[in-house]
Every structure is written in structure tokens, then in C-alpha cells.
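Chains as they are written, first to last, in our numbering: chain A, 1 to 419; chain B, 420 to 838.
Hints should not be assumed to be uniformly reliable.
Subject to a maximum C-alpha distance of 27 Å in a straight line, what follows is the list of computed DSS-like cross-link-like pairs (lysine-lysine) [stated by the list, open to error]:
no. : chain 1 : residue 1 : chain 2 : residue 2
1   : A       : K238      : B       : K526
2   : B       : K627      : A       : K9
3   : A       : K107      : B       : K566
4   : B       : K566      : B       : K527
5   : A       : K107      : B       : K527
6   : B       : K494      : B       : K581
7   : A       : K108      : B       : K779
8   : B       : K627      : A       : K208
9   : B       : K527      : B       : K512
10  : A       : K28       : B       : K779
11  : B       : K526      : A       : K215
12  : A       : K75       : A       : K93
13  : A       : K75       : A       : K28
14  : A       : K2        : B       : K757
15  : A       : K360      : B       : K526
16  : A       : K9        : B       : K757
17  : A       : K215      : B       : K634
18  : A       : K338      : B       : K526
In short, the hints are calculated from the structure, not lab data.
Number of protein chains: 2
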Amino acid sequence: MKTTFEIIKNARQAAPVLAASDTGTRNKALLAMADRLEEATGDILKANAEDVEASREKYGAVMIDRLMLSEERIKGMADGIRDVVALPDPVGKVLAEVVRPNGLVIKKTAVPLGVISIIYESRPNVTSDAASLAIKSANAAVLRGGKESFRSNYAITVALKKGLADAGLPEDLVGLVEDTTRASALEIMQAEGLIDLLIPRGGAGLIKSCMQNAKVPCIETGTGICHIYVDASADLDKAVRIIENAKTSRPSVCNAEEVLLVHRDIAGKFLPMVSARLRDDRKARGLVPVELRLDAEAAAIIDGTLAGAQDFDTEFLDYILAVGVVGSVEEAVAHVQKHSTHHSDAIITEDRAAADFFVKTVDSAAVYVNASTRFTDGGEFGLGCEMGISTQKLHARGPMGLAELCTYKYIIEGSGQIR
Amino acid sequence: MKTTFEIIKNARQAAPVLAASDTGTRNKALLAMADRLEEATGDILKANAEDVEASREKYGAVMIDRLMLSEERIKGMADGIRDVVALPDPVGKVLAEVVRPNGLVIKKTAVPLGVISIIYESRPNVTSDAASLAIKSANAAVLRGGKESFRSNYAITVALKKGLADAGLPEDLVGLVEDTTRASALEIMQAEGLIDLLIPRGGAGLIKSCMQNAKVPCIETGTGICHIYVDASADLDKAVRIIENAKTSRPSVCNAEEVLLVHRDIAGKFLPMVSARLRDDRKARGLVPVELRLDAEAAAIIDGTLAGAQDFDTEFLDYILAVGVVGSVEEAVAHVQKHSTHHSDAIITEDRAAADFFVKTVDSAAVYVNASTRFTDGGEFGLGCEMGISTQKLHARGPMGLAELCTYKYIIEGSGQIR
Numbered sequence: 001m002k003t004t005f006e007i008i009k010n011a012r013q014a015a016p017v018l019a020a021s022d023t024g025t026r027n028k029a030l031l032a033m034a035d036r037l038e039e040a041t042g043d044i045l046k047a048n049a050e051d052v053e054a055s056r057e058k059y060g061a062v063m064i065d066r067l068m069l070s071e072e073r074i075k076g077m078a079d080g081i082r083d084v085v086a087l088p089d090p091v092g093k094v095l096a097e098v099v100r101p102n103g104l105v106i107k108k109t110a111v112p113l114g115v116i117s118i119i120y121e122s123r124p125n126v127t128s129d130a131a132s133l134a135i136k137s138a139n140a141a142v143l144r145g146g147k148e149s150f151r152s153n154y155a156i157t158v159a160l161k162k163g164l165a166d167a168g169l170p171e172d173l174v175g176l177v178e179d180t181t182r183a184s185a186l187e188i189m190q191a192e193g194l195i196d197l198l199i200p201r202g203g204a205g206l207i208k209s210c211m212q213n214a215k216v217p218c219i220e221t222g223t224g225i226c227h228i229y230v231d232a233s234a235d236l237d238k239a240v241r242i243i244e245n246a247k248t249s250r251p252s253v254c255n256a257e258e259v260l261l262v263h264r265d266i267a268g269k270f271l272p273m274v275s276a277r278l279r280d281d282r283k284a285r286g287l288v289p290v291e292l293r294l295d296a297e298a299a300a301i302i303d304g305t306l307a308g309a310q311d312f313d314t315e316f317l318d319y320i321l322a323v324g325v326v327g328s329v330e331e332a333v334a335h336v337q338k339h340s341t342h343h344s345d346a347i348i349t350e351d352r353a354a355a356d357f358f359v360k361t362v363d364s365a366a367v368y369v370n371a372s373t374r375f376t377d378g379g380e381f382g383l384g385c386e387m388g389i390s391t392q393k394l395h396a397r398g399p400m401g402l403a404e405l406c407t408y409k410y411i412i413e414g415s416g417q418i419r
Numbered sequence: 420m421k422t423t424f425e426i427i428k429n430a431r432q433a434a435p436v437l438a439a440s441d442t443g444t445r446n447k448a449l450l451a452m453a454d455r456l457e458e459a460t461g462d463i464l465k466a467n468a469e470d471v472e473a474s475r476e477k478y479g480a481v482m483i484d485r486l487m488l489s490e491e492r493i494k495g496m497a498d499g500i501r502d503v504v505a506l507p508d509p510v511g512k513v514l515a516e517v518v519r520p521n522g523l524v525i526k527k528t529a530v531p532l533g534v535i536s537i538i539y540e541s542r543p544n545v546t547s548d549a550a551s552l553a554i555k556s557a558n559a560a561v562l563r564g565g566k567e568s569f570r571s572n573y574a575i576t577v578a579l580k581k582g583l584a585d586a587g588l589p590e591d592l593v594g595l596v597e598d599t600t601r602a603s604a605l606e607i608m609q610a611e612g613l614i615d616l617l618i619p620r621g622g623a624g625l626i627k628s629c630m631q632n633a634k635v636p637c638i639e640t641g642t643g644i645c646h647i648y649v650d651a652s653a654d655l656d657k658a659v660r661i662i663e664n665a666k667t668s669r670p671s672v673c674n675a676e677e678v679l680l681v682h683r684d685i686a687g688k689f690l691p692m693v694s695a696r697l698r699d700d701r702k703a704r705g706l707v708p709v710e711l712r713l714d715a716e717a718a719a720i721i722d723g724t725l726a727g728a729q730d731f732d733t734e735f736l737d738y739i740l741a742v743g744v745v746g747s748v749e750e751a752v753a754h755v756q757k758h759s760t761h762h763s764d765a766i767i768t769e770d771r772a773a774a775d776f777f778v779k780t781v782d783s784a785a786v787y788v789n790a791s792t793r794f795t796d797g798g799e800f801g802l803g804c805e806m807g808i809s810t811q812k813l814h815a816r817g818p819m820g821l822a823e824l825c826t827y828k829y830i831i832e833g834s835g836q837i838r
């Protein structure tokens, strides 16, 4: 068994080989990784069955579903890698170029960060997703998955390493941390000078721990208390459709709506529409109804649980929606600024001035006019992939694609210039 | 006297007003700040005289010169602000735009970070430089200067605040921290949720303290152990000219050369040229000669101090140069990777392959071919200004201009799209 330090150090040492490689070599390695992954289907399914078996008694059905692989899912992972091959190479892209009066040619050029580490939870497909995005962007990857999926992750990593070797690249470019205790996560967070970027992918506890303990550069990801504000001028049918989608199409994800704010002038008409659509209609359609937690003003219009002190600051990740009434777009923005996690927030309005004000003053990664917050996603934004969604402001904000896995350097060509 | 917390909190509260302002208002404020600064020349010089008087016994001539203002220097500061007015507005720039198949229009748009704090040392001109770059990029500024220049900084800030008021903007957008003890610096470093970016501008001690203590996002700046490698194929006259410039044109700055590496094949011819140019010629020209600290192989060719263990890891900031001999460009790169602070490094060569290898594998903010490292500077790179030089990889690398004082958000316009 390799120590966490060895795995990190080996990735660091291998990284310059990848940084100096060309696009063709990296794509060749990715295709080989995809082939090796499919080839190893039997081994991976066997390891996964052991993971699932060991988890059955401890975890519920949702967790087991996240953990479980099938021939089809492994094929999906391999095809995911092949999709990454087709994406444009972010490395070497000239982001800005200038010829100075003294003749210096200055090119701001995208280059890999070096070593990227991802700490993630139960889903084994993250192992191949994260590794492929790292290799595509010429970064080494230190992967630290959860204990419950370790056997699956290990089998997947063995296959990925074979693919790297097929293309003549060092196997150490993808390292899976073998210690799945808290100690290894802390060791990664504090591997100063060895890890260039840490991306946590998981629940609020993991992200908070990274924020508190990381000495290496770290991206805050994922927590989403997403708001939808329905303005006085909104198209109410459009609004109710968007709200149902944002709340219920996948309640467990970070871009799902958690809070609905409604303008006072239309609350009397609109809140009964919301209530009918999210509760009665859904029941009638055999779907899970949404529990509405109402502020006092909303509760005077429709039935529902009275919202508690924490309900406007909670990422429910469930069929629950906090509902409040506000007097203006300014008041809506003030509420969002106070309670938002700076992920995704939307205004539904037919009033250009209200839309412009909302868009300009809401300080979030994604600000929507007349669309569901559920679109905050690398694929939906046209990035072709996604390593996570940043809710911080430095380096990357919103969905992180291949460009966000790179830094840049200035390359300056001269002919003897002095200053 | 306001507490540090009040100053930070007031800046935070004022920031949204600036974020919602237009280019014209911000430029109007900057012009008024420049005018008010010149108008306050008498007050500023009086305050500065007190600072200088209080420092005379404690500090040497270099420090006093950094501290001292004159009518001309104040005019220079005001003109510096006017130059910033002329720069393009970074805010609102659409960095990428895509129309998705579902009709969503997604614009990745530059927006201000919010509140930027700068902790700096003795030079009072940083007060107006930093404030003007912050206001131009629609960020509030929390300025924390050194104790020795406090009176000058305060008088400058009073003038800048008047300029903000002239344009109808809140004076709290520029706040000077009144406590100049270590406590206020620590309070800034740990003002989570209130400060969006901290930029230390000063010596190694300050930067180290920020790196160790900052809980707010912080950019590592400035330390530069810059290398110049002279390849076997180099034009030796060009090389010696570049080396003299990089070492001696301003030895106290971070982009000055600290280490010279010479290819073995030309060391016998080239090192005597270096010795003649940097020592004997400079003496003859009445200039300060450079002390050469030589590795064993260089010492076998020319006279000089034998380099100690730390000499290849020291930012001398003085007329001192560490000199080593290497066997190949690969060996030069390995040395740079081991000892560089990732600031600026150069190769002098007429061999394209050697240049390409060096540029691709040296992992620094600026990598030069046949030019002096002294060009790493916002003005020289055509950015029009500079808030500092980042030696880290996330967010900003190299000289930070107005674009690097911004983040971005995705603005998505829909017509009822759901996912």
C-alpha cells in the first residue's frame, strides 16, 4: 500500500512530463483509458459488488443507487472520456497577445496548473470523470474518493493507469489515495507546494472542512440556496412552470430552487397558482408534492407550514420550498444578498428595468432572467464538461470547465531588449 | 477614531452603490479625486513633513526617500489617477457569449469583486494608486498603510473622499485603516465575508504573514528569485547586456535578476565577459560593481566569493549575483524549477528548440527569451497599470491590471426555459 504522501509526490514528479506533452499524446491516452475501462468491466463490476455488499447494511437505497455500477454505467463512463477527447485543448491557447513598441512579443498563454486533487464522495464515476478532465488539461490528478466506493475506484484507477501507459505516459499521473480515513483528506488539504488546486465534490461538511483546513489553493463548490423572485410584471404561467422545474426536476442538486420570493402586488393571485401546481396538481399526477414553508404574509394567502427562523437559510435538497412576499425588486435583491450562497438566482419578469436591476445587483455566479436555475451546469452552459461549480469569486465562478483547470503564463519573445 | 471593523463594514455596505454605478460616474469621481488631491497639496505636505520628522531618527536615507512627498510627487500621483481614467473600463465586459440550442443567451460578464484590501508599507503614493485602481474597477478599497506614513496617507485619503463625494459616491468606498498596529492587519486578513480580495504589497515578512494568516482570498505577490540562463548558442554580447540590465537597473525590485546560469560549453569564454562588464567596467564607469557569488565550477574560471548554501535561494535585492554552471538546458530548467519563486525567468539563446523547451517547462509567471526580466510590470506588459505582481497560479498570475481586480458572473436571458 502506498502512503498518501507517496501518491501526491509521485503525481507531482510526473506532472511536468504531461505539461510538456502534446495534444495528440493526451488524446491518445484518453482514448486508451476509455478502452481499458471497458475492457476491465468484469473486474470493476466485481469490485463494485463488494462495495455494494459492504454498504447494504449501513446505507439507504439512494446511497446504494449512487454507488452501484452496471455494464451500461461503465460504458457511459468510457463514452464520457471519449467525449472529453473531442473537446478543444485548453492548453497553449493564447488568451491575449501584444507587440510592444520596443518589439517585445508578449503572449498570455494557458498552461496546466500542475497537480489537481479532487476529494469526492460515493459515486465511482467521478473517478474517471475527474481523471479524464485532469489529463485533457495536462494536469496530474490525485483522487481521494469515499471509503464505501474504494474497491470500485481502485479497479477503475487500475484501468485508467493502463491507458496512460499505453500512450507512453507515467501511470503516476492518476493516483488514487488508498487511505480513506479523514487523515488522508487532511494531508491533501495541507500538501503545500505539491498540490496546485483542490476541488471538493460532496456535501456541505466536506466543503466546510476544506475551507477551514486547506493550506493549498481550494475552490469552494456547490452549496446552493437558489432564489427565484417573481416580479409584479411576471408572466405568471411562465413563472409557475419555471418554479416547478427549478424545485422538482432534481431536488437533490445544488442548482435546485430553495426559496421563492413573490411581489406583493401579485401574491394574492400567484400564490394560489403555486399552491395548486406544486401540491394538488402534483398529487393528482402521482408526483411528490412540495411542502411550502411560508412567511406570515404568504401564510395569510395560502395554507402551509409557517416558516421557521432557519427556513430561508437552508439548502433543503428536498421537496420543500421557503416562500416569502416582498414589496419591490429592491427588497427582493436585498433578501437574496442576505441569504444567497452566491450560486444561482433568478428573476421572472416582463419588465426590462427590473431585470436589469436584478442582474446588475445580485452577486451570484449565475443570474437568470425568465429561466430555471437548473441550467447552471457545465454541459448546459456549453463548456462540454464540468469539474464542479464554484461559488467563490477568485479564479473560477460557476461551472468549471477545462479552461478553469488551467492557469496562464506570460511568454515573452525578445531580441535583446533591456529596460 | 473609527475601528478597523467599522471601516471594513462601511466599505462593504458602500460597495453595491459603486457596483451599480456607470463608467461615467466612476471616471468623474476619479477626475475629482485627482483635482482634490492637487488642491490638498499644502495639507498633504504638512502631514508628510510630520511623518518624515518622526521617522528621521529611526530610518535610513532610502526609507526617508520612499516616504517623502513633494509638490511634484503629489502632481505625479494626481496625474497617475488621470491616466487610470483613460484606461478601458473592465466592468461589464462580455468575456464569452453563447446562444444555446434551447434559446438561452449566456453571457460571461466581468463584474467587480466587491471590497479589495491592500496592506502596504512606507510609500504614501500607494494610497492614491490603489484607491484609483479599485474605484476604476468598481471595487471599494480598504487601505492599510504603514505606521510611518500614516499622517500622509490620512491627508491623501481625506482628499480622495472629497473627490468621491463630488461625484455623488459614498466616501466610505475608500477607507484608510487608522490602527497601524499588527492587530489591524490581522483583522483584515480574517474579515471573512467582508473582504473579497487581499493584496499585500511589501516585504517578504508581510507576504508570509498574509499567506499564513489570511482567511480571506489573498494573492501572493512579489518575491522574485529571477534566473537568467545563458545557453551554449547564445549571442554573448546580447547576453551580457541583458544580464547587466536585469541585475543593476534597479536591484531592489522583484523582477531584478538574482541568479545567472551559464552553459558549460561557453562558460570559459562568457564568465570573463560577465566579470569584466559587471565589475571592472562598472567601476570604471563610476557605477556600483556587482558582487559575484560563484559555484565551484564558475570559481575555477573567474575570481569571486564562493557561493554559500543559501545563495541560490536568496532574493538579494542588491548588487549581488549568484552564478552557476550547468551542462544543458534541461539542467538549467531543473535548477530553475528547484529554486525559482515562479516570478520571472529568462533564457538567452539563438537555438529555437532550447527556447521552446525552456518556455514550455519553466513554471513561472513570466518566461523570457532574449530579454531582460525587468519587463515584468503592468505598464511594460501594456496593461496600463498594476496593482501588484502575483506569483501564484490561481486567479491572477504576473502583473495584475484592472481585469484581475474583477471576477465574472454568468448572466442568462431566457424566455421561460426549463430543464
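Restraint check for K494 (chain B) with K581 (chain B), where alpha carbons must lie at most 27 Å apart: holds, 17 Å
Pairwise hint evaluation, K757 (chain B) against K2 (chain A), where the allowed Cα distance is 27 Å at most: holds, 25 Å
Proposed proximity, K215 (chain A) with K526 (chain B) (alpha carbon, max 27 Å): violated, 33 Å
Restraint status (C-alpha distance of K238 (chain A) to K526 (chain B) at most 27 Å): The given pair, whose Cα atoms are some 22 Å apart, holds under the 27 Å limit.
Straight-line alpha-carbon gap K108 (chain A) to K779 (chain B), limit 27 Å: Holds: K108 (chain A) and K779 (chain B) sit about 13 Å apart, inside 27 Å.
Agreement of K338 (chain A) and K526 (chain B) with the hint, judged by alpha carbon distance not exceeding 27 Å: At roughly 25 Å apart (the allowed maximum being 27 Å), K526 (chain B) and K338 (chain A) satisfy the hint.
27 Å Cα cutoff - pair K527 (chain B), K512 (chain B): With a Cα-Cα distance of about 8 Å, the restraint between K527 (chain B) and K512 (chain B) holds, given a limit of 27 Å.
Hint consistency between K75 (chain A) and K93 (chain A) [alpha-carbon to alpha-carbon, up to 27 Å]: violated, 31 Å
Hint consistency between K566 (chain B) and K527 (chain B) [alpha-carbon to alpha-carbon, up to 27 Å]: Violated, because 41 Å separates the two Cα atoms, which is more than 27 Å.
Pair hint K215 (chain A) and K634 (chain B), alpha-carbon separation not exceeding 27 Å: Within the cut-off at roughly 10 Å; holds.
Proposed proximity, K526 (chain B) with K360 (chain A) (alpha carbon, max 27 Å): Measuring from Cα to Cα gives roughly 13 Å; hence the hint holds.
Given pair status - K208 (chain A), K627 (chain B), alpha carbons within 27 Å: It holds: about 24 Å lies between the C-alpha atoms, which stays within 27 Å.
In summary, the numbered hints that this structure violates are 3, 4, 11, 12.
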